[in-house]
Amino acid sequence: MKTKLTRRVVLQGILAGSTAFATMRVLPTMAQQAGGTLNVGLTYELDTMNTYSTGFLADAQHTVIEGLIAPDKDARYVPVLAKEVPTLENGGIVLSEDGSKMTITYHLNENVKWHDGAPFTSADVKFTWEAVKNPDFIAESKDGTQDIDSIDTPDDYTVICNYNTVKPNFASTLFTFGIMPKHLLEGEDLNTSWYNEKPIGTGPFMVSEFVRGQYVVCDKFPEYWRKSADGDQLPYLDRLVFRIVTDSNTLVTQLQSGELDMAVSVPYGRASQLEGAQGVEIIVGPQLSWGHLDFNFRNELLADIAVRKAVAHAINRETLIRVQGGFPIPIKSLVLPLFDLYDDTTPEYAYDPAAANAMLDEAGFARGGDGIREKDGKRLSFAFVVQSGRADDENVQQVIIAQLKEIGIEATADNKTGVAYREARYSGGYDLIYGRWITSADPVYSTFYGSEGENNGQGYSNPELDAVFERLENTLDADERKAAASEMQHIIAEDLPAIALFQGVSVIAKPVELKNFVPNPTNMTNFVDTKEWYLEG
Amino acid sequence: MTDATVPGAINPAAPPQTYWRRVLKRFLKRRLAVIGAAFLVLLGIAVTIGPMLSPYSYDYQDFDLLGMPGPMSAEHWLGTDELGRDALTRLLHGGRVSLAVGLAGAMIAGIVGTLVGAVSGFYRGIPDVILMRFTDVMMSIPTLPLVLLLSGLFRPSPPLLVAIVGILIWMGTARLVRSQFLALREREFVEAARALGASGPRLMFRHILPNAIGPITVASTLAVGSAIMLESALSFLGFGIQPPVPTWGNLLNSASSWLSQAPWLAIPPGLLILFTVLAVNFLGDGLRDAMEPRE
Amino acid sequence: MSLAYIVRRLLGAIPLLLGISVILFAIIQLAPGGPLDIYAENPSVSKEALAQIAARYGLDQPVPVQYFLWLKAVLVGDWGYSIRTGRPVLDEIVYRLGPTLQLGGLAMIISLLIAVPVGMISAARRGSKLDGTVTVLSFAGISTPVFWLALLLQLLFSVQLGWLPSAGYQSIGDGSFIDRLRHIIMPASVLSLATVASWSRFIRSGMIDVLNQDYIRTAYAKGRGEKAVLFFHALRNAMIPAVTVIAVDFVTIISGAVITETVFAWPGIGRLFMESMDGRDYPMLMGLMMMGSLAIVVANIVADICYAALDPRIRYD
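Chains as they are written, first to last, in our numbering: chain A, 243 to 779; chain B, 19 to 313; chain C, 580 to 896.
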């Protein structure tokens, strides 16, 4: 692919840019001003303020609820409620003698207060594990709960988690998503609790009003436990308001008219409309997300590797990126290039419709009268699902449909909304599906392409790959992980359960006056660290 | 319910030319109705022939023009959309689809409504009670939410969408036809036909129906407008016909994002919906006046 | 009008509502997929937990049994729990009903304020240029796609002129009357468009009928001024048929508010309906659809009663 050389440069450029930006702002060249309100637009119907049960990314929630650790702007974990990130080196992680289990110890900060003034202790951490693990609690993700056998709390500020396995990615959900207050929630039914509307957390902001369908108001928590490097009480902002504006036309209108100050997931196609809007600045932040075209292996035609490879050669990423305002970055592996596990030798499929046509000819698919190929009376005609209402995804779909048509494959849009889309995604109600995964700082790839993966709705099963996942996801040894990850990337590129198309970026509209804002690329959202944001002037 | 007025009954034995000639004469005097009819005829011709004359197909993408809406030019009279597709071709093809949905939906509504109303009004008694209670039930369920519920839960294909639109707007026609039948079945010419041994269905369709054709035509014409509006509302909410097939509703929906930058994309489908529904309403209104003259 | 008539109408509504509920329940249950499908493939939720949830919402029972369980509960005022939020269906609906009623109410007032004078003048100057213009405009009103108009208005009044907020129910921390009015005026105007048009047509034809009546001619003959005749004699009688339409249209306005609420981020029933559709929240959808139908049934009865009360010539027995 012609972008081969530039790709990493571009990505690193973005990362370097955001780093420079961040360091520049952190330097206390000018006193940070306290006060001010930031109006943020959310494009989804906020269902619950509980980070474990929301079906969306928890933008608003992360300003209120803190976890033990959190990913930073480079997707590396930094301590929050814990004093340090446990590692083998600092003794926070201890392997059992046979290497099959591990123990993780967190030392907690001692001066942390819940929003109701009660002290935060190790009992809250243990309670969070129990509450999320409880089968009665309907959570979106219970990842990690089943890997822990027991938790010891020798004192108020020490938590020892006894794992029944070795989990290199222990940090991706549990305890990172947030800690719940034991003294308020013990015995509560978390499915229906008041906590889902007005959670009590330890974060820099506390929920003062949640009006369903309209907005959430988060006010500064004056007794927040952290201070800035200069000793200022954090946070600087007085108030963060998250307004629910589900219609993206209205979102853009409100940014233009100044009713909204900020939106963190401006659709790619809309960014150009905000150019020139007064006081609004567009920032492109990296994002741990990738767009991918998945095949359903229950369809025997798609189970044919020749068809999958032909599709891979038929797709021109350059066009797909152009239709998305030029924002996404082309990739060839599902492991994003900024991760250590990325293998640059992963094979790629160049845009080559002639080769694709030749492959299909050779496989015995001949063009019928309407230009669509068929073999033994079976037409290469597929139902193609994307989430309807997402203009960027729908546009990508239209371009892919046109590109497939060139090689004699017919794809018909069958777009779905809400639960219907997710149900199709999980249970394989499609032939082709295009979507974007956004992940934590250390994604668990087996969940997508493992035979038992919870996000594998494709009916894809490859025992060889499963064995590689087994190795990758049960060791803390960096070299062994890298070797396994490399193997995984090669197998996936060869066997093509899915085509990794491009890395997403987040297009953020923010007020020019907002300083210290650092985009966060992970699924913990740009609001994972709001304590130092301030408005200038 | 009061019985509606019945237009001059047609004696099926005599040629009905005089009645229709009178209707036509009265219709031609209604300026707005004639304008509406002329507009619809021209539109029909344009959407039928237009896409055939266009050098582009509705889903052809010019990859060079991709990314932003393109301006109006000699090659693309109404510009191109953000996928590099010719806007005029899509507008005309969308007109085909929208008009087809409107016509087919209204036709289904007309047929179902006429059947239910005819059986109900002709047989009276138990069939009437059952059918009218059912009509009441259907009339009491809010229409737009019901359409959304059906199309949202079942994700219909275009023919099914037409059927859904049709079966949700038949109730008015049914009540209208029933009242016509209740009045007409007592008239002398029906009695005469009955005495001559005409059977139920023959009486209904050969003798009574032609006399009720006026109100049915009017109701069905107006239903075309409702069906077009329903389709555009469904498309706006994301429950309409799937892309890339254009309809005025989904063209308007996707172009509305570019309203300030590329108004040439969003204005035409909106105006065409407006003018078409307006023309249909003028036509229906004119037909009503022509077929059921109120003195 | 007799009390017996009212009672009879109310009793007649019972089988109607039962019929409606059977049809709605059947539609919702026949749809492919269900509210719990989302958890079926998620290993975070065990099979036992799933069965437990299913049992809690009665989803493990055969459909007819589910229907009777639902009916039994509703008869004692229990509309069940939203699967999406876990809160009682009735609470959620009542919570969202307020904003929608305000929106619909104001839309209705705007409609009447415009439609009544327009319809009257049109009727009084029948056949004039003015009448023709009004006729064309009102047809145009019925024919305009709502969301298109809404976007044009937002662009004009919020972005270009900056006079009105483009969307939302109120400013945070400012629930004052003026603030609310500034937020509601644009969506309410958009919502009133179709009814302004159809009501002015309706009042026009009602007025024309009345103006041809003998008693109006008598009033003119007695030398009453035109305005007096129009307002005191004709309007009252012309409004009688309009009452039926207005009562029923109010429910239509509200059920048609889905689009307006989406464009203007209005936190009402319409948005709740769309959220529940996305989430396949069956108890919620059933509750919303039943409430909507109930409103139509009641509006029809009220309209008939008002009709009888206003027009002394009509007697129901």
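Calculated from the structure, these hints are not laboratory results.
Note that beta-carbon positions come from the ideal geometry of N, C-alpha and C, so glycine has one too.
Incorrect hints may appear among the rest.
What the hints assert, rightly or not - Calculated lysine-lysine pairs in the BS3-like style (CA-CA distance at most 30 Å, straight line):
1) B/Lys43 - C/Lys708
2) A/Lys440 - A/Lys424
3) A/Lys617 - A/Lys551
4) B/Lys47 - C/Lys708
5) A/Lys757 - A/Lys724
6) A/Lys325 - A/Lys551
To be verified - Over the 12 Å line for every Cβ pair with chain B, so calculated as not near, a few chain A residues:
7) Asp489
8) Tyr510
9) Lys617
10) Ala709
Verification of the hints:
1. For the proposed pair B/Lys43 and C/Lys708, the alpha carbon gap of about 23 Å is at most 30 Å, so the pair holds.
2. With a C-alpha separation of about 15 Å, the suggested pairing of A/Lys440 with A/Lys424 holds against the 30 Å cut-off.
3. Taken as a hint, the A/Lys617 and A/Lys551 pair is honoured in the structure, with Cα atoms around 17 Å apart against an allowance of 30 Å.
4. Restraint check: the Cα-Cα separation between B/Lys47 and C/Lys708 comes to about 17 Å, which is no more than 30 Å; the hinted pair holds.
5. A C-alpha spacing of about 38 Å is found between A/Lys757 and A/Lys724, which places the hinted pair above 30 Å, so the restraint is violated.
6. For a cut-off of 30 Å, the pair hint linking A/Lys325 to A/Lys551 is broken: about 49 Å separates their Cα positions.
7. Not every beta carbon of chain B lies more than 12 Å from that of A/Asp489, the smallest distance being close to 10 Å; the non-interface claim is violated.
8. Annotated as non-interface, A/Tyr510 brings its C-beta within 12 Å of a C-beta of chain B; the closest such distance is 10 Å.
9. With a closest Cβ-Cβ approach of about 25 Å to chain B, A/Lys617 is found to remain outside the 12 Å limit, as its non-interface label requires.
10. Annotated as non-interface, A/Ala709 keeps its C-beta farther than 12 Å from every C-beta of chain B; the closest such distance is 39 Å.
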